[in-house]
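The listed protein sequences derive, respectively, from chains E and V.
So in the numbering used here, the last spot in the first sequence is 116, and the numbers never skip.
So in the numbering used here, the last spot in the second sequence is 111, and the numbers never skip.
To be clear, the hints were calculated from the coordinates, so they are not data collected in a lab.
Do not take every clue at face value.
Straight-line Cα separation of at most 27 Å, DSSO-like style, residue types lysine-lysine; simulated pairs [as the list claims (entries may be wrong)]:
| hint | chain 1 | residue 1 | chain 2 | residue 2 |
| --- | --- | --- | --- | --- |
| 1 | E | K20 | E | K55 |
| 2 | E | K41 | V | K26 |
| 3 | V | K70 | E | K41 |
| 4 | E | K41 | E | K20 |
| 5 | E | K55 | E | K66 |
| 6 | V | K69 | V | K56 |
Derived Cβ-Cβ restraints for the label pairs, each shown as a range [as the list claims (entries may be wrong)]:
| hint | chain 1 | residue 1 | chain 2 | residue 2 | range |
| --- | --- | --- | --- | --- | --- |
| 7 | E | S114 | V | S28 | 38 to 44 Å |
| 8 | V | Q14 | E | G61 | 38 to 44 Å |
| 9 | V | R96 | E | A72 | 20 to 26 Å |
| 10 | E | E52 | V | S28 | 27 to 33 Å |
| 11 | V | S51 | E | K55 | 27 to 33 Å |
| 12 | V | A81 | E | S15 | 22 to 28 Å |
| 13 | E | K55 | V | E55 | 39 to 45 Å |
| 14 | E | K66 | V | N52 | 22 to 28 Å |
| 15 | V | R97 | E | S9 | 34 to 40 Å |
| 16 | V | Q14 | E | K66 | 21 to 27 Å |
| 17 | V | E55 | E | S73 | 39 to 45 Å |
| 18 | V | A10 | E | T31 | 17 to 23 Å |
| 19 | V | A82 | E | S114 | 25 to 31 Å |
Chain V regions said to be covered by chain E (calculated; three or more residues, Cβ under 8 Å) [as the list claims (entries may be wrong)]:
| hint | region |
| --- | --- |
| 20 | 17 to 26 |
| 21 | 56 to 64 |
Where is the CB? At the ideal position from N, CA and C, for every residue including glycine.
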Amino acid sequence: GAVVSQHPSRVICKSGTSVKIECRSLDFQATTMFWYRQFPKQSLMLMATSNEGSKATYEQGVEKDKFLINHASLTLSTLTVTSAHPEDSSFYICSAREGAGDEKLFFGSGTQLSVL
Amino acid sequence: SQQGEEDPQALSIQEGENATMNCSYKTSINNLQWYRQNSGRGLVHLILIRSNEREKHSGRLRVTLDTSKKSSSLLITASRAADTASYFCATDRTGRRALTFGSGTRLQVQP
Numbered sequence: 001g002a003v004v005s006q007h008p009s010r011v012i013c014k015s016g017t018s019v020k021i022e023c024r025s026l027d028f029q030a031t032t033m034f035w036y037r038q039f040p041k042q043s044l045m046l047m048a049t050s051n052e053g054s055k056a057t058y059e060q061g062v063e064k065d066k067f068l069i070n071h072a073s074l075t076l077s078t079l080t081v082t083s084a085h086p087e088d089s090s091f092y093i094c095s096a097r098e099g100a101g102d103e104k105l106f107f108g109s110g111t112q113l114s115v116l
Numbered sequence: 001s002q003q004g005e006e007d008p009q010a011l012s013i014q015e016g017e018n019a020t021m022n023c024s025y026k027t028s029i030n031n032l033q034w035y036r037q038n039s040g041r042g043l044v045h046l047i048l049i050r051s052n053e054r055e056k057h058s059g060r061l062r063v064t065l066d067t068s069k070k071s072s073s074l075l076i077t078a079s080r081a082a083d084t085a086s087y088f089c090a091t092d093r094t095g096r097r098a099l100t101f102g103s104g105t106r107l108q109v110q111p
């Protein structure tokens, strides 16, 4: 199946710093990628849909200026958590479909963000 | 927002037993999918069932879908310790490209 690579897997940072998370489709092109957030022992909540070459679509309640998404190529989407605070500590996961008509999602391995 | 709920929230069984997880959802769907997540990792797709299907099998997995009740179940037969993970249902809704995930069931299979 398709492979989605996410990096870094874990990051610890100080409050006020910005953190960039990369999501790459390794063996396919993804015009759309999805960013989810997951708190411990909870479900995945969709944050935004990343669209190659255009602006991301954010879910209600997700701050666009806080969570910057860039999808500059067909194989790379980045999520930047700006001025991170302890409440931003969470598990962030990206995903993509292999083809436009594909129904299932392929997921990256996730990034555990801890803000001190 | 979450599409629905799963139950049980947690399930502990012995190796060799069957595990059944249920999922309920709220809106019309194109298909429903089940994913597995090992602790601290990404999700892996297990099986997909379309809205016009009632039952589907894949190896030790059996999925049912009742669109009138807006519910689905995942049965894992002859469970193994390696099946220990969290299991999530996800719905593919008309007009929405992203999947919406249920609350998940944490399965513990005791060796």
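- Task: With 27 to 33 Å as the target window, see if E52 (chain E) and S28 (chain V) comply at their CB atoms.
- Result: holds (29 Å)
- Query: Between K20 (chain E) and K55 (chain E), does the CA-CA distance stay at or below 27 Å?
  - Reply: holds (17 Å)
- Restraint check for K55 (chain E) with K66 (chain E), where alpha carbons must lie at most 27 Å apart: holds (15 Å)
- Outcome for the supplied range 17 to 23 Å, where the beta carbon pair is A10 (chain V) and T31 (chain E): violated (38 Å)
- K70 (chain V) and K41 (chain E): Cα distance at most 27 Å? holds (24 Å)
- Message: So if I understand the rule, the pair passes when the alpha-carbon distance is 27 Å or less; does K41 (chain E) with K26 (chain V) pass?
- Response: holds (22 Å)
- Task: Given the range 38 to 44 Å, decide if the beta-carbon distance of S114 (chain E) to S28 (chain V) lies inside it.
- Result: holds (39 Å)
- Query: Can the restraint linking K69 (chain V) and K56 (chain V) be considered satisfied, given a maximum Cα separation of 27 Å?
  - Reply: holds (17 Å)
- Message: Just to make sure I understand the rule, a stretch counts as covered if three or more of its residues have a C-beta closer than 8 Å to a C-beta of the chain. Does the region 17 to 26 of chain V meet that for chain E?
- Response: violated (count 0)
- If you check the beta carbons of S51 (chain V) and K55 (chain E), does the distance land in 27 to 33 Å? Between S51 (chain V) and K55 (chain E), where Cβ atoms are some 31 Å apart, the hint holds.
- Task: For A81 (chain V) and S15 (chain E), compare the CB-CB distance with the range 22 to 28 Å and indicate the outcome.
- Result: Hint violated: Cβ distance 40 Å, outside 22 to 28 Å.
- Item | Verdict on chain E covering the region 56 to 64 of chain V, where coverage means 3 or more residues with a C-beta closer than 8 Å | violated (count 0)
Checked against the numbered hints above, the structure breaks hints 12, 14, 15, 16, 18, 20 and 21 and satisfies the rest.
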